[in-house]
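Based on the provided sequences and hints, a complete structural model is requested.
Quick note, the sequences are listed as chains L and H, same order. The first sequence maps to residues 1126 to 1413 in this note's numbering. The second sequence maps to residues 1126 to 1413 in this note's numbering.
Please keep in mind that the hints were generated in silico from the structure rather than gathered at the bench. None of the values given here were measured: they were computed from a predicted structure. It is possible that some hints are incorrect.
Note: identical chains are not told apart, hence a pair may lie in one copy or across any two.
[Stated by the list, open to error] Straight-line distance between alpha carbons at most 20 Å, and here's what the computed SDA-like set of lysine to any residue pairs gives:
#, residue 1, residue 2
1, 1261, 1233
2, 1338, 1309
3, 1177, 1225
4, 1365, 1387
There are 2 protein chains.
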Amino acid sequence: MVDARVLMGKPVARALNDATFERSHEYEQINKRKPCLAVITVDDPASRSYLKTIKSTARKTGCEVQEISLKPTADIPGMRQIINPLNDDPGIDGILVQMPLPKGINLHDAGLAINSNKDVDGISPYQAGLLFKSAKNALIPPTARAVMEILDFYQIGLSGQEVIIVGRSLVVGKPLGLLMVGRNATLTWCHSRTRSLPMVCKRADVLVGALGKARFLDSNYLRPGATVVDVGINVDEDGKLAGDVDVQNIQSIVAAYTPVPGGVGPVTSACLYANLLDAANAALIPIS
Amino acid sequence: MVDARVLMGKPVARALNDATFERSHEYEQINKRKPCLAVITVDDPASRSYLKTIKSTARKTGCEVQEISLKPTADIPGMRQIINPLNDDPGIDGILVQMPLPKGINLHDAGLAINSNKDVDGISPYQAGLLFKSAKNALIPPTARAVMEILDFYQIGLSGQEVIIVGRSLVVGKPLGLLMVGRNATLTWCHSRTRSLPMVCKRADVLVGALGKARFLDSNYLRPGATVVDVGINVDEDGKLAGDVDVQNIQSIVAAYTPVPGGVGPVTSACLYANLLDAANAALIPIS
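This is the structure in structure tokens:
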């Protein structure tokens, strides 16, 4: 069998960032300021690393980042005190609340606190509802959007295909499932309670791993010729970065796969800024 | 093989209506008025028939109905003029915009016009987003809720089961898919673009027909022992009412099925009033 195609994220991210740069240049000409993303962050090694990526992508896309720190001891009213002025600030186009959150605050709480029109991470009920309704102006969680951008970039068809998503998280599995159905895929959601998971996964024309278990999906889960998208970012017992897919094991079977690192990851922050421009340019929709 | 179990809707509706009656009695004692549903309706034979059911269920559940007519020529601003006072009226707990809508207004427009806290039909982006997030206080579209109530009433397990939904509408297929995943089913959405639909449907432990084609799903689509839920209400070429399932054809194969009429239908209006009480009693959630 011919070697599998490696679906690299970099060219996808570059194309997206270039398009966003054009849009933010245009935005700046009209509004006399750059599009601005507010990032609310609890100081933490993982969030520091993502924040670095966010800042570097801001430079590539002609956007600005305003960093606001949140105490690790903050409660919901404390978070709202930080977010409310940003919700009302006409100089802020998007608000991102970084994971991990303080104890006692979950993603849903954060989603309820953010002005939906600035919810570039797609965590508010209003934006989730727009996605549910396949509204064109929905702000889609960046990781889910990244998967679609990669598949489109490499012209991997979805209509009529069997797509299996392993994982049902609010930021990846669930939104991605709705996007896949919107693109006419026959969509199956699998998860920890799925019986005969290998058998179910073997039905996939496109298999998406979004379960968060290092190298879990191997050749037992894949039929020859499938395309695999790996959303997992895990640290294995040896401290090494690993996706949800066991690449060594599946390389000779599949038609194409996204590597970890270098696959979905780089495209995610590009999608965050694509969302920022969508939010900045959106005609405000009445929310009721 | 033993005859299939017929999952009648009436006992499910009765149990739900009795519970709602208790709740509305309690509500009336506290608030000195009955819970009130506003129904906005374009005069039409189909909506007249459903309106009759809505009014009769109001009596059974101790609720009130206020009927407001909408001109068949109304546009979006015209609809908003009708809805806005109801949105603000503290004497109205729920608002239902009946199908069919005037030309030029779609379900999404109606969903954007309604105060989300009164959206007992679950058509607003905010309520769809709560459902997406599996929030306990989500107001679920009554037909989708009805399917779950029937399965629960007849103690048909969902965790780890393969559930196949044929149809991906905003009021049935899509919300039902999210509910099924929330209940740990392995969920597959099928639709007009699905290849080998019979083969895919034969995987189902529970098959839900929500495609709107009279007697479309027959023994070619079902494996022995499956449970079938029929959401279709169609009129066949002889003018007869028919579900999406060919009951004559599948009766000897399946373990259980819901009839049409008498299955999902009667439970739907019961769920509408269960939603009305949920809305009436809900602590108002800040919407942002």
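Going through the numbered hints above, which ones does this structure break? Give me the numbers in ascending order. none
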